[in-house]
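A.B. asks: Here is what each chain is made of, one letter per residue.
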Amino acid sequence: MTRQELDAAFARLGLKVPEAERDGILGAVKYIEEMAALVKKPRAVGAEPAHTVAFPEK
Amino acid sequence: MVPDFLTIAEAAKLIEKREMSPVELTQSRLDRIAKLDGKLHSFIRVLADDALASARAAENEIAAGRYKGPLHGIPLGLKDIYETKGIPTTGHSKVMQDHVPTADAVSVTKLRDAGSVIMGKLATHEFAFGGPSFDLPWPPARNPWDTARFTSGSSSGTGAAVPAGLVLGGTGSDTGGSIRGPAALCGIAGLKPTYGLISRRGILPLAFSLDHAGPMAWTAEDCAIMLQATAGHDPADPASANHPIPDYRAALTGDLKGLRIGLIRHFYTTDNEVNAATRDAIDAAAKKYEEMGASVREITVSPLAEWAAPGIMIMMAEAYAIHEANLRTRFTDFGEIFRDRMALAGLWTAADYVHATRCRRELIDELDRAMQDLDLVMTASAVSEAPKFEDVSKFAILERPSLTMPFNVTGSPAMSVCCGFTETGLPLSFQIVGKRFHDATVLRAADAYERATPWRSRRPSL
Numbered sequence: 001m002t003r004q005e006l007d008a009a010f011a012r013l014g015l016k017v018p019e020a021e022r023d024g025i026l027g028a029v030k031y032i033e034e035m036a037a038l039v040k041k042p043r044a045v046g047a048e049p050a051h052t053v054a055f056p057e058k
Numbered sequence: 059m060v061p062d063f064l065t066i067a068e069a070a071k072l073i074e075k076r077e078m079s080p081v082e083l084t085q086s087r088l089d090r091i092a093k094l095d096g097k098l099h100s101f102i103r104v105l106a107d108d109a110l111a112s113a114r115a116a117e118n119e120i121a122a123g124r125y126k127g128p129l130h131g132i133p134l135g136l137k138d139i140y141e142t143k144g145i146p147t148t149g150h151s152k153v154m155q156d157h158v159p160t161a162d163a164v165s166v167t168k169l170r171d172a173g174s175v176i177m178g179k180l181a182t183h184e185f186a187f188g189g190p191s192f193d194l195p196w197p198p199a200r201n202p203w204d205t206a207r208f209t210s211g212s213s214s215g216t217g218a219a220v221p222a223g224l225v226l227g228g229t230g231s232d233t234g235g236s237i238r239g240p241a242a243l244c245g246i247a248g249l250k251p252t253y254g255l256i257s258r259r260g261i262l263p264l265a266f267s268l269d270h271a272g273p274m275a276w277t278a279e280d281c282a283i284m285l286q287a288t289a290g291h292d293p294a295d296p297a298s299a300n301h302p303i304p305d306y307r308a309a310l311t312g313d314l315k316g317l318r319i320g321l322i323r324h325f326y327t328t329d330n331e332v333n334a335a336t337r338d339a340i341d342a343a344a345k346k347y348e349e350m351g352a353s354v355r356e357i358t359v360s361p362l363a364e365w366a367a368p369g370i371m372i373m374m375a376e377a378y379a380i381h382e383a384n385l386r387t388r389f390t391d392f393g394e395i396f397r398d399r400m401a402l403a404g405l406w407t408a409a410d411y412v413h414a415t416r417c418r419r420e421l422i423d424e425l426d427r428a429m430q431d432l433d434l435v436m437t438a439s440a441v442s443e444a445p446k447f448e449d450v451s452k453f454a455i456l457e458r459p460s461l462t463m464p465f466n467v468t469g470s471p472a473m474s475v476c477c478g479f480t481e482t483g484l485p486l487s488f489q490i491v492g493k494r495f496h497d498a499t500v501l502r503a504a505d506a507y508e509r510a511t512p513w514r515s516r517r518p519s520l
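As you go down the protein sequences, you meet chains U and B in turn.
The first sequence begins at 1 in our numbering and counts up by one.
The second sequence begins at 59 in our numbering and counts up by one.
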């Protein structure tokens with residue numbers, strides 16, 4: 001992500017992020033991109049999300 | 059003369075036998091708070107008058123033969139995300155510094171009903187997430203073993219107040235490690251119970267699907283006492299489990315013969331390498347369990363990053379949704395750590411969130427399979443002893459995969475247990491994890507370990 005893309009994203013989100021904090025946030029974008037990549041595994045089309053943990057029967 | 063340090067169980071015994079008065083005990087804690095909390099900043103708000111009134115009521119009830127049990131007359135603290143009727147509940151944030159709830163959180167009501175004395179509201183990382191922050195209306199709590207060091211968070215005030223003897227126990231909440239982290243770095247016992255075991259109603263949320271309320275105290279036995287008082291079905295909490303509540307304290311038999319423990323060593327030796335002192339202390343604890351009659355065998359599961367990533371994504375996405383309106387209109391009223399982490403959360407897409415929840419389902423199944431022939435798993439709860447404040451980075455939770463988050467993802471009961479000290483006197487810890495609703499087994503293993511080792515006899519000198 002470039003600085004321009006980050007600025008555009010914040011504008012879309014309506015966040016007034018101080019100028020002095022933007023480069024630091026940009027430096028951390030790689031972590032959230034890595035996480036997003038990690039959870040995108042090949043899955044069956046019907047692979048369900050976990051809406052909550054499954055409780056055992058009584 | 060009331061001793062500086064008492065466990066809940068020890069104090070309860072003295073109170074029940076009328077060898078110590080709840081008023082004396084409460085006053086002694088207020089004196090310690092006055093003397094020491096200027097260094098620790100564990101309290102946001104001390105409720106001295108309310109506490110003494112509760113203590114006097116407890117004393118009268120006990121004198122009249124109406125002893126309620128082991129929390130009667132016991133001074134406790136509440137993380138300042140637990141709502142308290144008529145008393146500000148701030149989330150340690152400017153954004154909610156004037157929030158005065160009209161009712162107690164369900165677990166606060168239960169603690170009051172059990173006769174405990176609420177001493178005040180304890181520091182937290184902002185909204186149980188961003189910290190340590192020096193730009194909030196109150197300073198961050200400091201570690202009583204070395205006040206230049208971090209408590210971890212987010213239940214930072216409880217982590218500081220318990221080992222210092224300012225309270226005998228306190229409440230925490232844990233969305234990715236916020237009970238176990240401060241328990242680890244402050245050398246206490248902290249239990250994240252099974253998801254849904256304690257009502258979340260009246261606790262400021264961080265992330266609905268990952269939030270767990272739980273006890274923090276000096277010992278596992280004290281955690282069992284607090285869990286007993288707070289666990290139970292709440293029909294008004296959509297995630298509350300309707301499940302039988304066993305006698306947790308009665309489960310602390312000390313008998314570990316036949317207990318099967320899986321050691322997830324790769325989490326802390328390769329996936330997120332801990333320092334040598336922590337690694338050696340965990341390995342020694344595993345050996346101690348074998349000496350006590352348990353079997354310990356190493357197991358391998360998916361790499362830690364694959365457990366931490368969906369948890370962090372779900373946590374931050376749900377937190378963003380909760381705070382979105384204020385983030386848009388009052389961005390700089392939040393502390394810099396909280397708001398900048400939240401700004402990052404806004405960059406994930408809705409599809410990213412759904413992928414994370416699908417991943418969560420797979421990981422719940424994976425841990426269930428891995429534990430099919432095990433009673434517990436064991437791993438690290440922190441990468442090292444407490445770091446200095448200046449060594450904690452703004453995005454620390456993103457830089458290395460969390461050792462605690464996997465068990466928020468799975469909803470499993472998980473506990474941090476003190477397992478020694480560094481040469482400089484800082485606490486070390488391990489994490490013990492059970493199957494869902496087998497909280498009693500976790501407590502039994504933690505309690506037996508504490509009784510077989512000398513670590514509970516050392517307190518910070520302040």
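What the hints contain is simulated information worked out from the structure, not anything from laboratory work.
Values in this document were obtained by computation on a predicted structure and should not be read as measured data.
Glycine included, each C-beta is placed from N, C-alpha and C at the ideal position.
Be a bit skeptical, because a hint or two may be false.
Listed below are several chain U residues computed to face chain B (Cβ distance under 10 Å; list not exhaustive) [stated by the list, open to error]: (1) Ala-9; (2) Gly-14; (3) Glu-34; (4) Leu-38.
A.B. asks: Indicate, hint by hint, whether the structure satisfies it.
C.D. replies: Results of checking the hints against the structure:
The interface hint given for Ala-9(U) holds, since its Cβ lies 6 Å from the closest Cβ of chain B, which is under the 10 Å cut-off. Interface hint at Gly-14(U): satisfied, since its Cβ lies 4 Å from the closest Cβ of chain B, which is below the 10 Å cut-off. Hint status for Glu-34(U): holds, given a least beta-carbon distance of 8 Å to chain B, under 10 Å. Interface hint status for Leu-38(U): upheld, as the beta-carbon distance to the closest one in chain B is roughly 4 Å, under 10 Å.
Of the hints listed earlier, there is not a single one the structure fails to meet.
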